[in-house]
Amino acid sequence: MQIGYKLSSEGFGPQELIRQAVRAEEAGFDFVEMSDHFHPWLDVQGHSSFTWTVLGAIAARTGRIGLATGVTCPTVRYHPAIIAQAAATLAIVSDGRFTLGVGAGERLNEHVVGRGFPSVRGRHERLREALEIIRLLWRGGYRSYEGRHLQLEDARVFDLPAEPPVIAVAASGPVSAAIAAEYGDGLFATEPKPDLVEAYRRGGGDGPRYAEVPLAWAPDEQQAVRAAWETSRWAVTGWKVMSELPNPVNFDAASRTVTDDDIRAQFAVGPDPDTHVAAVRKYVDAGFDHLVLQNAGPDPDGFIDFYRDTLAARLRPLG
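As numbered in our numbering, the sequence shown has no gaps in its residue numbers, which increase by one up to the final residue, 309.
Mixed in with the good hints there might be a few duds.
[What the hints assert, rightly or not] Dumping the calculated DMTMM-like pairs for lysine to aspartate or glutamate here, alpha-carbon to alpha-carbon at most 20 Å:
1) Lys183 - Asp242
2) Lys230 - Asp85
3) Lys230 - Asp252
4) Lys272 - Asp262
5) Lys272 - Asp144
6) Lys230 - Glu181
7) Lys230 - Asp185
8) Lys272 - Asp242
9) Lys183 - Asp275
10) Lys272 - Asp289
11) Lys272 - Glu181
12) Lys272 - Asp185
13) Lys230 - Asp242
[Claimed, not checked] Here are the in silico distance ranges between beta carbons for each label pair:
14) Ile72 - Pro4: 16 to 22 Å
15) Arg191 - Gly130: 18 to 24 Å
16) Arg111 - Glu143: 21 to 27 Å
17) Glu211 - Asn237: 29 to 35 Å
Hints listed in this document are in silico derivations from the structure and should not be mistaken for laboratory results.
Think of the CB as a built atom: it goes at the ideal place given N, C-alpha and C, for glycine as much as any other residue.
Produce the complete structure using the sequences and hints provided.
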């Protein structure tokens, strides 16, 4: 089992994210994972830097820790040829430490380029085509592709790593889990659903299984609850809402009725390591083996110290 640290690109500026990644490596995390957003979920979060620049800087400042996008949508805001090139470059400059996490996207980030946002079926179709294009370009040479939604004309990625990055595909149901099995090298999820892992395996998937575990650490439980409510209450709204709302103001309105009890139901909160171990165990029992600790608490350094000094020794035996 590997344990990762979630870099909140929505909650911190780029220099701070680089600093946290260096600290995560020093604290013994196996990898860092960073979302690829154009907007934050809520205006109060206040940030949304360009993920690929930040990950490149992290690669230069670290020597061991893995890097991952969690996740990039390679179909609307980006063309998959650009992601193929970006991922290949990051794999080279990180000496093979990069994992490309991809998904079907959220309207929040993809509508900004004025191309609209497809239906669920349309998003899945585009994701399949994008993964075919990325794989094609990673084979080398000049390539063309004519899909229903996406095209490629005489394109070549000149700088390719010796081994292509692992592609972990985000899934929230059986259709996307089947896409992960057929087109990806791994699975990416945000809920401890054993049926996602089972669908992935039924489709022939046998790669790493990533999942984000929502935590909120603070020395005081109520302090952790308040911090999670202020910056991360959007997570309680569920994937159907999260994928469709267009702007942070909409997420603010949609999540205003979230209560402290809702936060406690979604996040492992407070200073008690038993609470956090129990949350992680749900994902291990569901079949995930690359667990991303997503801290919504108010003190990232305190959480990293808590992991290094207390939590790591409790979590490692679970895998």
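Status of the hints after comparison with the structure:
1. Lys183 - Asp242: violated (27 Å)
2. Lys230 - Asp85: violated (37 Å)
3. Lys230 - Asp252: Within the cut-off at roughly 17 Å; holds.
4. Lys272 - Asp262: With Cα atoms ~17 Å apart, Lys272 and Asp262 stay inside 20 Å; holds.
5. Lys272 - Asp144: Judged against 20 Å, a Cα distance of about 47 Å means the pair is violated.
6. Lys230 - Glu181: Holds, at roughly 14 Å.
7. Lys230 - Asp185: Cα-Cα ~18 Å, so holds.
8. Lys272 - Asp242: Outside the cut-off at roughly 29 Å; violated.
9. Lys183 - Asp275: Distance of about 9 Å is within 20 Å: holds.
10. Lys272 - Asp289: Distance ~24 Å between Lys272 and Asp289 Cα, so the pair is violated.
11. Lys272 - Glu181: holds (9 Å)
12. Lys272 - Asp185: holds (13 Å)
13. Lys230 - Asp242: holds (16 Å)
14. Ile72 - Pro4: 16 to 22 Å: holds (20 Å)
15. Arg191 - Gly130: 18 to 24 Å: violated (31 Å)
16. Arg111 - Glu143: 21 to 27 Å: With Cβ atoms ~26 Å apart, the hint holds.
17. Glu211 - Asn237: 29 to 35 Å: This hint holds: roughly 32 Å between Cβ atoms.
Comparing the model with each earlier hint shows violations of hints 1, 2, 5, 8, 10 and 15; every other hint is respected.
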